[in-house]
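Visitor: Whenever a hint applies, use it, and build me the whole structure from the sequences.
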Amino acid sequence: MKFWRTPLGVQRHYINGRYGQIHYRIAAPAHPSAVPLLCFHLSPNSGRVYAQFIAQIGHDRIAIAPDTPGFGLSDAPTTAPEISDYAACMGEFADAHGFTTFDVMGYHTGSKIALALAQQRPAQLRRLVLVSAPIYTEAELVQQYKSMGTSEVEKLSEDGSHLLRLWQDHWRWKDSAAPASFIQREVAEGLVAGEQAWWGHQAAFKVQHALELPKVEQPILLLCPKDDLWEATQRARPFLRNGKFVELPNYAHGFLDVHTTEVVDIVRHFLDASEQTF
Amino acid sequence: MIRRAFHEGAYGPLHYRIVVPTATELRPPLFMFHMSPNSGCIFEAALREMGKDRIVVAPDTPGFGESEAPLFPIEIEDFANTMSHLIDFLAEKLNFSQVDIMGYHTGAMTCIALALQRPILVRRIVQISSPVFTDEELVSFRSEYQPKEICENGAHLRDAWLNLLRFYNDDVPRSVLARNFASSLRGGPIAHWGHRAAFNYDLKIYLPKVTQPLLIVNPNDDLAEQSPRALALVRHAKIVNIENHAHGFIDVMPVKFGEILRNFLDSVP
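Keeping their order, the protein sequence lines are chains C and X.
Under this note's numbering, the first residue of the first sequence is numbered 70, with each subsequent residue one higher.
Under this note's numbering, the first residue of the second sequence is numbered 26, with each subsequent residue one higher.
Note that these hints are calculated values from the structure, not bench results.
Cβ-to-Cβ under 10 Å is the rule here; a few derived chain X residues that face chain C:
#1 Ala-180
#2 Ala-207
#3 Ser-208
Since the model is a prediction, treat every value here as computed from it, not as a measurement.
Glycine included, every Cβ here is placed at the ideal spot set by N, Cα and C.
Guide: Okay, structure coming up:
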């Protein structure tokens, strides 16, 4: 039940946002000694992917994992949003919690939201941790749109073959230490978004890391696990203006659950490094 | 407008959906308890329809939807006790003293247990299915609802989908199928605990003790044969058959279902 239960120290709440209610998970120590950390999940998924992570990193700082609008338990917009819309919503979310300075972590689609927010809130957003930042070729982008970025992909099949494809895609890119029960959770979490599940990807594919990464001055830690975006993320190194690139060849999807302590150490080391490091 | 919230329950956060209408003259609140394995999302159409003239609440049972799971399997009486605490919390917050309750399949069992635990609080009861099983049927149902192994190729998901489709007619929108299927997965490894509790709760013992008025709504689903048997066990009960619909009927006929509910809940005793 590890992948399903809410870890000790993590609470769940709703707050009002521009599209309706935003659901979030939060770990908040009694006396935070570090800057708050906002964590943006991949698509289609929810903040649950960060539950174990924020439980641990939340020992010394407020760590929050909201569900992006339209995913998890957060209300969806009425029309498909852009990455800049997601980012603006998350900026308002930070305001609602009274954060004047904060760090962000983004996972896949969440990385693009993090970069957009860094540009919208340059004075407030201190440091970024990105899990993957794929630089696509034209041909790869066409293929990505075709496989993930349109409503065609969400059509249900009477024979359930859509579920076999979904499961096998998840299985292919999972961490070797992540069991089948983790995949079951991920599939369940992704299906919650229903027929709008593709909105996250369609927004993400319109924004290119090759253009956005160089615009961000804040320090970036770019983590490159060996998942479906490993190869494309390798190409991101030269686009980092002020950052560090860390390969995680032994990690894949599920790493936040099955290698939590190690990842927390890596992230904490970066977030808490002195200014002179950058 | 449906809002969602968490309440700190005995097993951790208990998630619920709620509609609080702005009108001042309201009917008694209606609490709705879902089937297994699923969540309060199956009542979204009923929340909107009945929320026009009363507070309506659809909690996620512990371990289902977004409610935290207990550490071990619990019984129907425990589900009822959890709902009782939620009702008391909201009663103080929203200022009401009596409620009507409605339960769907496993939720229908929870209704009876709650009605017996809180005879003054619970005014009227609606059961969507009131299955009175024979011993042979119970053996068969228990066998059918054993936990399913996860297959590395995902076949268990496909089989779960095909199994779900068995209980829905063609007029149910695909979005409802998708929503209900997604919701059915959220019990995770303990998804079978709901059915386990339901099959442990013998309505033959408890229905005769109910004193509140009871409406049995009987859709044409897997419990259509067992539900009419309940009439003989309850003093103040009647039955409405939904003959042309199975699961998903609330989404297909929300206004008509609202009429059925109001005719019963709002009638003069």
